[in-house]
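Student: What follows is the residue order along each chain.
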Amino acid sequence: MKRILKLTRRSFIKGTLAAGTAFAIVPRRVLGGSEKPPPSETLGGALIGVGGRGPGTWSDMAKSLEGVGLGLTKLAECDVRWRDRADNQTRYTDFGRVLERNDIDVVAIATPPHWHALISIAAMEAGKDVLCEKPMTRFIAEGRAVAEAEKRYGRVWQVCTFGRFSASRDPKNILTRKIMRSGLLKKNPAVYMKRGGLKVKEWSGLVNARPQPVPSNLDWDLYCGPAPLKPYHPHRVGGTHRGYWDYEGGGLSDMGQHSLDPFTWIYGKDHTAPIEIEAHAPPAHPEACGMWGWVEMKYADGFTLVLDSGEWGAPYDRKAARAVSLEDLSEGDQEKIRSMPDPEALLTFGEAVRQRKRAGGNADVAHRSATLVHLANIAIRTGRKIRFDPEKDQVRGDEEANRLVNVPMRAPWHL
Amino acid sequence: MASKISIHELLAQLPETDKELAAKLPPPTTEEEKRKRRREGDPDPGGQGSKFTAPDREVMNRMAEQVLAGGESSVRELVGLIQDPGGPNFKDYKAEYLLHGVGVHAARKSSARKLVVKGITSHLNETNTSPAVQKILIRELQWISGPESTKGLGSLLTNDAVCPDAVTALVAIKRGAAESLRKALPHAPSQCRVHIVQGLGALRDSKSSAALRELLASADGELRLTAGWALSEIGDAGSADGLLKGAAASKGYDQVKLTQACIRLAENLARSGKKREAGRIYSALQESHRQPKQQYVRDVAARSLAALDYRP
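Residue numbers (this note's numbering), protein chains in the order written: chain G, 20 to 434; chain E, 922 to 1233.
Derived from the structure by calculation, the hints contain no laboratory data. Don't be surprised by glycine CBs; every beta carbon is placed ideally from N, CA and C. Be a bit skeptical, because a hint or two may be false.
[To be verified] Output of the computed footprint for chain E on chain G, the stretches with three or more beta carbons under 8 Å from beta carbons of chain E: (1) 57 to 66; (2) 246 to 253.
[What the hints assert, rightly or not] In silico SDA-like links for lysine to any residue, alpha-carbon gap of 20 Å or less: (3) G:K205 / G:K317; (4) E:K1095 / G:P431; (5) G:K220 / E:A943; (6) G:K404 / E:R1034; (7) E:K1056 / E:K1095; (8) E:K1172 / G:N107; (9) G:K170 / G:K376; (10) G:K82 / G:D240; (11) G:K218 / E:K957; (12) G:K249 / E:R1060; (13) E:K1166 / E:S1130; (14) G:K191 / G:R357; (15) E:K1012 / E:R958; (16) G:K170 / E:Q1216; (17) G:K93 / G:E60; (18) G:K220 / E:R956; (19) G:K220 / E:D963; (20) G:K411 / E:K1095; (21) G:K249 / E:K1056; (22) E:K1128 / E:A1138; (23) E:K1172 / G:P431; (24) G:K218 / E:R958; (25) E:K1039 / E:G1075; (26) E:K957 / E:A933; (27) G:K220 / E:E941; (28) E:K1095 / G:A160; (29) E:K1196 / E:R1219; (30) G:K249 / E:Q1004; (31) E:K1056 / G:W239; (32) E:K940 / G:P230; (33) E:K1012 / E:W1064; (34) G:K249 / E:P1009; (35) G:K404 / G:I294; (36) G:K218 / G:K170; (37) G:K249 / G:Q231; (38) E:K1056 / E:S1130; (39) E:K1172 / G:D122; (40) E:K945 / E:K955.
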């Protein structure tokens, strides 16, 4: 039986992330104790963004905390569609009022993506840990800002897509990651293909939509937030918001990070980004996300990532999918790979909160997988081959494309 | 050189929307067809909103070249066809879409880009251009314009209908933008001031520091917080006392944001070699944020002081 090291809620929540503080945790119920954790091990939580994914995000957070013996009580919910029912005690429209509460320790964010970075940063500034829906961000510079805030405030931040966790336990993937991160492959021949499943047509926006009156329960100005204040149309809210550059980036933004996040772990690309991106797509509409065919992205080591929507134009046929294996290395190098230690196990959100360490899907790595989606969309929107600097997070030699890397926000919202 | 073609003829070549195409289909004859159409649904029942599939890029490039071949008058004609989507004369997406396509195509060629910018700017300040259309035009300038538009955009900074859009366009343009924002600030109506202040912060305009410091005492809370952020982005050492005082005296979310402004200011000062000033801010935060729930702020300050290797 493992000993439970019991910490006060104050010490493990209010403290910052610390290295080398590992604990053996066994959920109380396993030992035959009462189901409900005591108040000292129960966190106060808030859900910001209650429609669509909201209940699922909350549930994911609760389960993750339960897995390490921590309870969770929902003390507040916040949604901009609640003008008619906000009481500023348990129901809010203004997330600032939620974040200033001292009894809230953790926040689940399930708003549309144009709010993800700002609310994540504000929550961490207020001393909270965060589980945030994907896509992490609406544009590249936001990801860097979230990662900086995570480090600055020593908070736990985790993106709410978990494929990298199961991927990281597969021996085949572990071997691939070791090969990719070893530096022994001088020219990387691997080609990773993601075909279909990106809901391009499903999450396209509308043209010709005539503005409509704003529903009385919706704070439209707050909904738009950092995005331009556009005339209201119901298609811009509630799931179909995915079809607009102002709030998301189509099906690619919605679905891309699910598969690209584990991809970056497996292929050891969660510390960098492609340097060349090219799209095969028709000219994009300035407001409404639309159709695209494929996007080819090349990394500095030669590795190629291809996203093929299967929904427009001819399929990608420049290269064939190709894995990387030990046979790509000399015998001597193969031995080096075999003797490399396995990567450290990724911490879940709950484990990270408990141990005050970085979560497996922390802001740095999530930023890299979100960047793939954004670079693809930049190439689609500009119709040009994009050259990117992964160290500076900037497009090289293309000012118009670079303006999509860091999109100015509408006041009073800013990074 | 491509021969001149009428803009209306070009617009007619753009594809119909899914809804327009579906309206031309005969009624479904099989159950499967009926189910398929129900599944696909109508994203804008009763309205004309629809998804659409754009033309091939080669088609758009050719159309763009044809517009550009007609010179500034051709661009102006196209701009003149853009209508307010909420207005009675709105027909369809095509003029706005073609203008955007022309701009994206022209962006990489200096003379073509300038031609498009000039054609857009000529309509921007016309009295009969509605705010809705102005916003569309400003959006296009945000995509492709350079310093040549900063004056024209600057003249819109006192117009509360379009000021927010003009500011974001200026911030995207960067070069020459701060001067327009700085000039407008003293005369701007109250609804525009927070946007202009944020623009100055985003551009890190140190020449506006003195004016922004005065706003730390503004009765307008939003303006106060935005000015605090702007000064922290600029890295203005002279605002440290004002920001620290504000952070200590405020409560709730305002305190969170002003504390963040103090921390960001300290980071920027440290980055520019002003360790003593940065250290003073961190030490002050340790003193002013004494409540148990503010331990994380004291931890930020302690870590930062250690990294600075500064002793007060």
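Student: Given the hint that G:K249 pairs with G:Q231, test it: the Cα-Cα distance must not exceed 20 Å.
Tutor: 11 Å, holds
Student: Need the status of pair G:K220, E:R956: alpha-carbon distance at most 20 Å?
Tutor: 18 Å, holds
Student: Given the hint that G:K191 pairs with G:R357, test it: the Cα-Cα distance must not exceed 20 Å.
Tutor: 12 Å, holds
Student: Does the alpha-carbon distance linking E:K1056 and G:W239 stay inside the 20 Å limit?
Tutor: Holds: E:K1056 and G:W239 sit about 18 Å apart, inside 20 Å.
Student: Is the hinted pair E:K1172 and G:D122 satisfied, with a Cα-Cα distance of at most 20 Å?
Tutor: 15 Å, holds
Student: Compare the distance between the alpha carbons of E:K1039 and E:G1075 with 20 Å, and conclude whether the hinted pair is satisfied.
Tutor: 15 Å, holds
Student: Would you mind confirming whether the straight-line C-alpha gap from E:K1095 to G:P431 stays at or under 20 Å?
Tutor: 19 Å, holds
Student: For the pair we were handed, G:K411 and E:K1095, check the Cα-Cα distance against 20 Å.
Tutor: 18 Å, holds
Student: Would the pair G:K220 and E:D963 pass a check requiring their Cα atoms to be no farther apart than 20 Å?
Tutor: 13 Å, holds
Student: Can the restraint linking E:K1012 and E:R958 be considered satisfied, given a maximum Cα separation of 20 Å?
Tutor: This hinted pair is violated, its Cα atoms lying about 25 Å apart.
Student: Are G:K249 and E:P1009 close enough, with their CA atoms no more than 20 Å apart?
Tutor: 18 Å, holds
Student: Check the hint pairing G:K205 with G:K317 against an upper bound of 20 Å on the C-alpha distance.
Tutor: 15 Å, holds
The structure fails to meet hints 1, 10, 15, 26, 33, 36 and 38 from the earlier list, while all remaining hints are met.
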